[in-house]
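Peer 1: Each chain, letter by letter, is given below.
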Amino acid sequence: MTIDLWYAAVGAVIVALSVFAFLTSKHLMKKLLAFNIMGSGVFLIMVGLPQHQHGVDPVPQALVLTGIVVAVSATALALVLLRRYVRAGGNPAP
Amino acid sequence: MIAFDILLGLGLILAASGVFLSTHLFRSVVLFVVFGLLLAITWTRLQAPDLALAEAAIGAGLTGVLFLDTLGTLRKAKQKRRSKKEPRP
Amino acid sequence: MNRTLRIAVAGTVALGTLYALLVAILWVPEIQVNLPQQVALNLEQSGIAHPITAVLLNFRSYDTLLEIAVLLVAVVTGLALRERDALTASTEQARDPMLHALTRRLLPLLLITSVYILWSGSYAPGGAFQAGALVAAAGVIARLAGYDIASRADVLLRLGLALGFILFLTVAVSAMLGGRPFLNYPEGWAGSLIFLIEAVLTFSIGLTLISLFVHAPGDSSPRGGADDD
Chain A
554 MTIDLWYAAV GAVIVALSVF AFLTSKHLMK KLLAFNIMGS GVFLIMVGLP QHQHGVDPVP
614 QALVLTGIVV AVSATALALV LLRRYVRAGG NPAP
Chain B
16 MIAFDILLGL GLILAASGVF LSTHLFRSVV LFVVFGLLLA ITWTRLQAPD LALAEAAIGA
76 GLTGVLFLDT LGTLRKAKQK RRSKKEPRP
Chain C
4 MNRTLRIAVA GTVALGTLYA LLVAILWVPE IQVNLPQQVA LNLEQSGIAH PITAVLLNFR
64 SYDTLLEIAV LLVAVVTGLA LRERDALTAS TEQARDPMLH ALTRRLLPLL LITSVYILWS
124 GSYAPGGAFQ AGALVAAAGV IARLAGYDIA SRADVLLRLG LALGFILFLT VAVSAMLGGR
184 PFLNYPEGWA GSLIFLIEAV LTFSIGLTLI SLFVHAPGDS SPRGGADDD
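Chains as they are written, first to last, in the numbering used here: chain A, 554 to 647; chain B, 16 to 104; chain C, 4 to 232.
Simulated from the structure, these hints should not be mistaken for laboratory data.
Treat each hint with caution, since some may be false.
Each computed DSS-like pair below joins lysine-lysine, with the alpha-carbon atoms no more than 30 Å apart [as the list claims (entries may be wrong)]:
(1) A:Lys579 - B:Lys91
(2) A:Lys584 - B:Lys95
(3) B:Lys91 - A:Lys584
Examples of chain B residues toward chain C, derived with CB under 10 Å [unchecked claim]:
(4) Ala63
(5) Ala67
(6) Ala69
(7) Ile73
(8) Thr88
Backbone N, C-alpha and C fix where the C-beta goes; we use that ideal spot for every residue, glycine too.
Go ahead and model the full structure; you've got the sequences and the hints to work with.
Peer 2: Structure below.
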């Protein structure tokens, strides 16, 4: 078992944990945190799995780099929507 | 070095479950930042220094700031709602 | 009752996900294409010495182009949801002298670091995304310290947000004028064109992340108390 495979397995555990947290947590912000961590777990699998077979692989690393930036912009947009919702009188923890 | 990797992986899992288990939202966000920093170390272990740079700046820094700022907004909105309710019996 | 049911369902789904992922990871079929080798073989043609930047802006530049488009859509949606008074609400925050002094020394340092990271992207770890994130961090710090940069010039802001995408698209399409395929850099120009695109992308990514933070709906509004009851 190489380091890369170990981190891919850790990523799998993190994805499963966040799926559970995403489905059970009530507060919208906690759902968003769970979603972010799920993304990180997917990134770990995406980088770890190919590197297990062929060594350092720049292609998945570049894809994950774009993924990180897209994830932060999506999170920022989701937080804007959440704040707008709260301002309109909504309850973030239904 | 293997021991370090095992500890780091377990730390990632622990930080993630800490985010989900804590009842305080503030603590969740702080643990999320911790998770981001651990992930940055993980990227260097996976020989991806570019990802480590991006993760340290974005995952730990920017996202944490965004979440904390929103948390402050939510808290103020809650106070406002409560103070508006109280004067009326 | 409802809650226990919910936890049971979520637990089943999560365990199923874990099982499927672990099976997929541990019994992965042998990958036929050796991507690192392919990248190493073609690295010389890309005009960039760092493999990840080469993948991002040459081999798979289509992904990066669409990513910038996604960022643009996100920030346009965010700007559509902003509120006029949110801009003025937090500018009168008390200016802590310590914070003020620290920010004034920190901001130039951050900007210089981001330029260095952008520059080093062509031969070492670094590049447009990390530099853009640093620019955004600088903007957020400035905002938290009470400086109001982004709301000063509205037209300029919109132009800056779209500039990265526009330039990238222009370079991509202009290749077609010379009879080359979409997003194919002309011979010998790849390195300098990529650096130009990266520099503009840094600016646009930084500005996008800053405005998503700055223009988020605020908490205190002069009329907010009256209109919801």
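Peer 1: When the structure is checked against the list of hints, which entries are broken? Sort them ascending.
Peer 2: Of the numbered hints given earlier, the structure breaks none, since each of them holds.
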